[in-house]
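Novice: Based on the provided sequences and hints, a complete structural model is requested.
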Amino acid sequence: MQRYFNDTTTICGEDARHITRVMRQAVGDEIIVVMQGVAQVCEITAIGEDVEVQPTGRTIPSPEMPVEVTIACGLPKGDKLELIAQKGTELGMHTLLPFEAKRSIVKWDAKKGGKKTERLQKIAKEAAEQSHRTHIPAVQNPVSFKQLLAEVSKYDMVFIADEEEAKLTERVSFKQVLQATEAKTMLFVFGPEGGIAREEAEALRAAGAQTMSLGPRILRAETAPLYALAALSYELE
88 MQRYFNDTTT
98 ICGEDARHIT
108 RVMRQAVGDE
118 IIVVMQGVAQ
128 VCEITAIGED
138 VEVQPTGRTI
148 PSPEMPVEVT
158 IACGLPKGDK
168 LELIAQKGTE
178 LGMHTLLPFE
188 AKRSIVKWDA
198 KKGGKKTERL
208 QKIAKEAAEQ
218 SHRTHIPAVQ
228 NPVSFKQLLA
238 EVSKYDMVFI
248 ADEEEAKLTE
258 RVSFKQVLQA
268 TEAKTMLFVF
278 GPEGGIAREE
288 AEALRAAGAQ
298 TMSLGPRILR
308 AETAPLYALA
318 ALSYELE
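Those letters in the sequence shown? Residues 88 to 324, by the numbering used here.
Since the hints were derived computationally from the structure, they do not count as laboratory data.
Pairs of lysine-lysine residues, derived as DSSO-like cross-links and limited to a Cα-Cα distance of at most 30 angstroms, are as follows:
hint : residue 1 : residue 2
1    : 203       : 189
2    : 209       : 189
3    : 167       : 199
4    : 167       : 241
Label-pair restraints from in silico Cβ distances:
hint : residue 1 : residue 2 : range
5    : 307       : 115       : 46 to 52 angstroms
6    : 111       : 281       : 45 to 51 angstroms
7    : 151       : 267       : 21 to 27 angstroms
8    : 243       : 111       : 44 to 50 angstroms
9    : 307       : 111       : 37 to 43 angstroms
10   : 147       : 305       : 37 to 43 angstroms
11   : 305       : 104       : 41 to 47 angstroms
12   : 169       : 197       : 16 to 22 angstroms
13   : 150       : 307       : 24 to 30 angstroms
14   : 304       : 95        : 44 to 50 angstroms
15   : 225       : 142       : 21 to 27 angstroms
16   : 133       : 164       : 45 to 51 angstroms
Being a predicted model, the structure only gives us computed values, none of them experimental.
All C-beta atoms in this analysis are idealised placements derived from N, C-alpha and C, irrespective of residue type, glycine included.
Specialist: Written out as structure tokens, the structure is:
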């Protein structure tokens with residue numbers, strides 16, 4: 088059953104066109120509409136330029152993670168941020184927070200940045216519908232590293248994915264850390280290509296973050312966030 092995010096019983100715009108032109112739904116058909124975070128089975132009651140629906144009283148259990156995870160990514164090259172937005176949403180990410188890392192080659196164009204963020208948000212919405220989420224991850228505009236540091240205190244736990252940690256012969260596994268916490272909000276910080284700079288890692292640790300070991304192999308900038316989300320899901324769900 089097709090899923091849409093809408094906070095009222097009137098579905099407008101692109102979603103309404105998708106219902107009528109792509110899915111070719113008719114009055115009396117049922118769809119799932121997520122309203123205020125609850126997935127409700129609704130019956131289509133009228134179709135025009137907009138689509139009117141009526142909740143049937145049946146709901147779908149929430150598939151959301153037991154913790155809210157924000158993925159902070161140093162701006163990567165190419166379309167890697169789009170991949171993280173899409174796959175991160177499928178894997179349970181709550182928020183995507185890009186930041187300008189010291190080793191980021193990409194520079195965010197302030198004039199075009201708004202359109203890029205809108206595109207990433209649209210990708211997250213479509214991925215949330217496809218993966219039957221009840222929450223669309225919020226895609227934030229990129230922040231400076233200084234601004235990222237100011238966010239650390241807002242989370243129960245903050246982890247840094249540091250490739251230097253992967254080179255150690257003795258390290259605390261991510262699993263061991265997760266088993267010892269009851270955190271409800273987490274911030275995962277990942278560097279761009281080349282990883283987190285030493286001074287950035289030290290500043291994050293001084294602010295209360297801890298290193299997250301994702302195994303002995305060095306992962307790409309777009310792979311590490313997905314690996315961490317999958318590991319978290321495996322351990323908690």
